[in-house]
Amino acid sequence: MVTTYHLGSNASLGKDVKIGCGSFIDDDVIIGDDVTIGKYVIVYSNSHIDEGTIIGDHCIIGHPTKLQLQKTDFSACSSKVRDFIIKEPVTKIGRGSIIRSGSVIYKHVIIGEKLRTGHNVLIREHTQIGDNCVVGTNTVLDGYIKIGNKSMIQSNCYICQTVIIGNGVFIAPGCVFMDNKKIILGEGLNGATVGDYVRIGGGSKILPNVKIGGYSLIGAGSVVTRNIRKGTMALGNPARIKRILNKSEIQNYIESIKNWTI
Amino acid sequence: MVTTYHLGSNASLGKDVKIGCGSFIDDDVIIGDDVTIGKYVIVYSNSHIDEGTIIGDHCIIGHPTKLQLQKTDFSACSSKVRDFIIKEPVTKIGRGSIIRSGSVIYKHVIIGEKLRTGHNVLIREHTQIGDNCVVGTNTVLDGYIKIGNKSMIQSNCYICQTVIIGNGVFIAPGCVFMDNKKIILGEGLNGATVGDYVRIGGGSKILPNVKIGGYSLIGAGSVVTRNIRKGTMALGNPARIKRILNKSEIQNYIESIKNWTI
Amino acid sequence: MVTTYHLGSNASLGKDVKIGCGSFIDDDVIIGDDVTIGKYVIVYSNSHIDEGTIIGDHCIIGHPTKLQLQKTDFSACSSKVRDFIIKEPVTKIGRGSIIRSGSVIYKHVIIGEKLRTGHNVLIREHTQIGDNCVVGTNTVLDGYIKIGNKSMIQSNCYICQTVIIGNGVFIAPGCVFMDNKKIILGEGLNGATVGDYVRIGGGSKILPNVKIGGYSLIGAGSVVTRNIRKGTMALGNPARIKRILNKSEIQNYIESIKNWTI
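Residue numbers (numbering that gives the first Met the number 0), protein chains in the order written: chain Z, 0 to 261; chain U, 0 to 261; chain A, 0 to 261.
By construction, these hints were calculated from the structure, which means they are not laboratory data. Owing to the predicted nature of the structure, the values given are computational and were not obtained by experimental measurement. Positions of the beta carbon are idealized from the N, C-alpha and C atoms, including for glycine. Be a bit skeptical, because a hint or two may be false.
[Stated by the list, open to error] Which chain Z residues face chain U? A few, computed with CB under 8 Å, are given here: (1) 4; (2) 20; (3) 100; (4) 173.
Next up, chain Z with everything else stripped away, as it sits in the complex (with noise of 0.2 Å):
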């Protein structure tokens, strides 16, 4: 019978902390009180854990990084990315997260409280995540990431490098993100800036290098190719402003979100 489960030395474990069988906690991790790990989840080193989280089975937390796995020296990284390296290299997990199974987050990554994710999801490093956030079912935050508080990022979306998500944004399913606009390597590396309050429909694309003004509306399948002027409504391949938005709709947006528990 497989009832046990695997805790490195110098590992710190807050009270009522349960643990499924077959995990494997590494050294010098911290575990808050209150948290559940699942069956089969791997902690790495300098993993920190806040009270009451909880870490679904088959999860991978501190994942190392390319640069960890093969011992090749960091100081290659580009200026593009240099704005969102995190130097430590710790994974940080605040309070009432739920992690769903088999997720995996990587080493420098910074989370805020009670994020919550859908099953699969993969954080890679330099990736800061605030309060209150959502990131959905299959989504991939690529690196090099920086998302504000109360942002929901639902299923099957791709999240390039160097994008920057702004507080309050909802991004609906299938979204994709680009940060190379002629596809030649090395050039380019620029992802979109999103700001704050803005929702982008399902299934949009996202160019390199595009801002999304605060407030805007995103239609459904859009291809957005050029920023979007703050507060108004975008569609179309390739996306084209409609209309502005009047206050009242951005307003019963933002009123909707204010006590979401999704």
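Start from chain Z and add chains U and A according to the hints.
Chains U and A only, in chain Z's frame:
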């Protein structure tokens, strides 16, 4: 050597059941004759796996809902999803099914005979699936969904809550269903309704509340924003009806899936 | 404590091989020098993993095909896929590869040197991949596929059966390839053919039987319904040729991937 598995109390195993190393079979699980369960599979309590079914490695069957994880009250449930509720906290998988590796199936899910899934499929709570269906790799059925018999949803699709899919439906890879047009939380939540023998081309987006009439064909890459009349071909962004399908075109499709065994 | 692994009979291990806890190495597996295998990895029989390769946690290598699971006869195989058949039931992974966590690679798969995958990649049976390729997170290669050298398929893509991808091809995230235009089962099954040094923008859909000529560039979010002439830029839904690429545009791309090491 990890060559053993955990078998909970009051678990009922049929004849010639095979269970792989490291698997965890919880209390009150019922497993029929000739079932094969892979390695590191987790089967939570109140799961019924019927005869001849194969469960791949690393699967999770009977995953608890958020309500069960957090002990929240169930009464908050909106009227929109009421028709989809499966009261008993069970997971039933009909005989002769193949659930491929890494898939997660929740509690409150009832599945007919001979479901075949790809890998890493997610089937959330309050979902009912008929006989002889297929759900492809990485596809998400996000809960509160009904699917008829002989329907096939291919890989990398996202099916949102309150979608109803008829019999003999084919949904090609990469399709996205949405449930909330204005993305104002709490409003909307109306998935599409897809009639019998509909075919939806790859990468299509289906907006909330849309009704796709039986026997229709939606072209690949379409964005379906309005109802589509029965027996028509529609395509584009936004999808427009191109022509009425003739009887033989519809009949050829129906014949082709009569004896499928994918 | 689960700090052991299972090693089958007649398994051959090179020098300095590391195998993580809970991993299951089946009979008749050949593992080269300096290979690192993560935790809870399953390596089925007849897998050959060459020197220096890293296999991430929770991966499955040498996954049996449906035919092997169900003991079905192989003779039903259509003429369309005959050219893709890899007769030996082996899985070969060339030296210096990195297969990231949660990935599943089937039997009847032959992979060259230095493949790097993201997480949760699926590579099904009868697939051949050259040297120095990349397959991104959650991408599905659905079997009966040929890929040349130095090609890169990014995250969340779906590549259907009988697709042929040349050398130096770049496929951005979220692309979907389809194999059956009318979605009549048994008919069609003709994947696209993608020439050398083609670049395909994110979220594009490629219809069955399409030929994309070498050196072409497909814009993001396109729906490619017809053949695209060599060396052209095409985009839109449906994709239309916008202009002929000039030599330096093509040369810049080719130069950029010469020394890539992503």
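- Query: Which hint numbers doesn't this structure obey?
  - Reply: The structure breaks only hint 1.
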